[in-house]
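Asks: Take the sequences, apply the hints, and build the full model.
Sequence lines, in order, name chains A and B.
First residue of the first sequence: 3, per my numbering; consecutive thereafter.
First residue of the second sequence: 3, per my numbering; consecutive thereafter.
Please keep in mind that the hints were generated in silico from the structure rather than gathered at the bench.
Identical copies look the same in the list; a pair holds intra-copy or inter-copy alike.
The calculated DSS-like cross-link candidates involving lysine-lysine, where the alpha carbons are at most 30 Å apart (straight line), are: (1) K238 with K39; (2) K238 with K10; (3) K283 with K326; (4) K155 with K39; (5) K366 with K326; (6) K155 with K326; (7) K287 with K335; (8) K39 with K335; (9) K335 with K40; (10) K40 with K238; (11) K326 with K39; (12) K335 with K62; (13) K326 with K40; (14) K209 with K175; (15) K62 with K326.
Now for the letters of each chain:
Protein chains: 2
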Amino acid sequence: MSSIIPVKLPQNPYNIAIASNSLAQLGAHISPLNLGKKVLLVSSPEIFDIYGEMAINSLKQAGFEVINHFIPAGETYKNLDSIAQIYDTAVAQRLERSSTFIALGGGVIGDMTGFAAATWLRGVNFIQVPTTLLAMVDASIGGKTGVNHPQGKNLIGAFYQPRLVLIDPSVLKTLPVREFRAGMAEVIKYGIIWDGDLFTQLEAAEKLADFSDISETLLQIIITRSCQAKADVVSKDEKESNLRAILNYGHTIGHAIESLTGYSLINHGEAVAIGMVAAGKIATKLNLWPSEAEIRQNNLIQKTGLPTTIPSSINSSEIVDALKIDKKVKSGKVRFILPTQIGQVIITDEVPSELIFNVVEELKR
Amino acid sequence: MSSIIPVKLPQNPYNIAIASNSLAQLGAHISPLNLGKKVLLVSSPEIFDIYGEMAINSLKQAGFEVINHFIPAGETYKNLDSIAQIYDTAVAQRLERSSTFIALGGGVIGDMTGFAAATWLRGVNFIQVPTTLLAMVDASIGGKTGVNHPQGKNLIGAFYQPRLVLIDPSVLKTLPVREFRAGMAEVIKYGIIWDGDLFTQLEAAEKLADFSDISETLLQIIITRSCQAKADVVSKDEKESNLRAILNYGHTIGHAIESLTGYSLINHGEAVAIGMVAAGKIATKLNLWPSEAEIRQNNLIQKTGLPTTIPSSINSSEIVDALKIDKKVKSGKVRFILPTQIGQVIITDEVPSELIFNVVEELKR
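Replies: As structure tokens, this is what we get:
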């Protein structure tokens, strides 16, 4: 099975290729792009141990000269220092403007490699080879790159489009179950904000909580439809001036929860799941969608093994306060994405702080 | 006197406004752009001492909330650490996506403020208020932003367009003469590569070596025609895929000389002047242009008080070697811009290393 999704950006169009066992063909997928011979393969030691040799062999077979660079896994290393180390490798290995940076790994590797590619020699070629479900359906598409500031996530970065996103769903077999579920949170998000049919197909599946629960066909559908949803949205709004904001469904309160738990207790997908539960409840209380829809959403989140409650250790007022430091604040107002039905959302900055507080309180476990 | 030059980039069009005493109207020039209320004014302490109050008063009068950030003057501070300090101010002052970073200063301030603007929250508004001739006619136009890597100049950066470039020629009265001349090197460059009429007008002037030598009218012409030349070229080739390379006339050997003298003995404009003399001589030896044209170029450079010889302390082989680590190297070949007449150049990577070496040797003083 394989799918190609064209991302139709006026200045920087590119393809997302989704095909089982395609990592072994990485070099062959890149060759038609006519890039320079030097590639910098950036990955974590863990991912490189499993997939590095396969990737390198395929690149060498296609005639590329491969230089490796490792970044330790995890958000802790998603900072300017790690970027500076990529620059050091780039200068030591004399990478040129025609060279290509390839991110082989999860979202953190992709975001950092993309930012380094965006800013090395004012921009070199960049290719995403995501190895987590979250990176496949979200981080690798849309051109957001960057690192964290000590005071906040992703505050430093650039919009920079890859030349290709190559997704090999079969690599998910080595992904820890908790990370698989984290990716499923974004998949469910696409079902709510854009693709009601995807939502229905997920509802129809008996089990969804792990890679082994899901048929190869359903996995291809999940990834393809999610990528298509994201590509549709970013093609219509590359720089997040308006529509693209809907991708932040579940992320407003989600980011606050991640931040207040120090980005460790709760991972990004789990935080988004909780954020969707909160946003869904806010929408119900504002009579934006029927409570039956909210229940369907929450049931699907539960079937995937994702959390639906807020840890009691977090102070509800702190969540409300944290919303105000988020990037998505405009003129001091907090912007929410709220569903009006399965498959459709609106953007609003008219949610009263008391309502946010009350919903957060209700979700405390 | 005032001129407006529209820079017609498809995605990011903007104006260059050139008007005497316009710094006192900075706020009024920005207001029509409908940006957010918060502005971050980045400058060096020296420039701020002279022009800071005027800029801030004008911004406050137009209703802006102004936050100051200082970067010590000079290339030494053009690095990632200084950028990180801008980020720290941005997070501490809660600058938003609608906020605006204003660079008030020379090229170093502009390049760094622009890079910070390009990468803070993945891009905030950016305005250039250049205070050196070099920054007015070159660095502030075209969207090149960035910082140095310990191993090379401007290796880290991004293409990022300002929303406005505001040039007040009257501020040049406080510019040291050596810096004024450095800017004139780029002006002469535009005469050679693009605007033969500008060259002729410069030839017609009796004296050119200092601000006080030049009439207000000629200064307005010099800045306007130079900005127009640069805007013409970058509009046709925003990302430096081809035509824009002609702006590097004199810069190939110039960069090598700057680098080998530690960016201190010889400044950028002086290095470009020497680089133009070298490129002009290479062109003559390759029979690309008549030796009379080379003599006219060199006379104009001399009239401006710029150097035309290479310090004997530099080893000629080191210059030839240094060319190979430059950003403009493609597949290992050094790219030269060579004149075919006053007002026209070609791009070539077919200059033999021996010829470069011999020309460098001839120019040793």
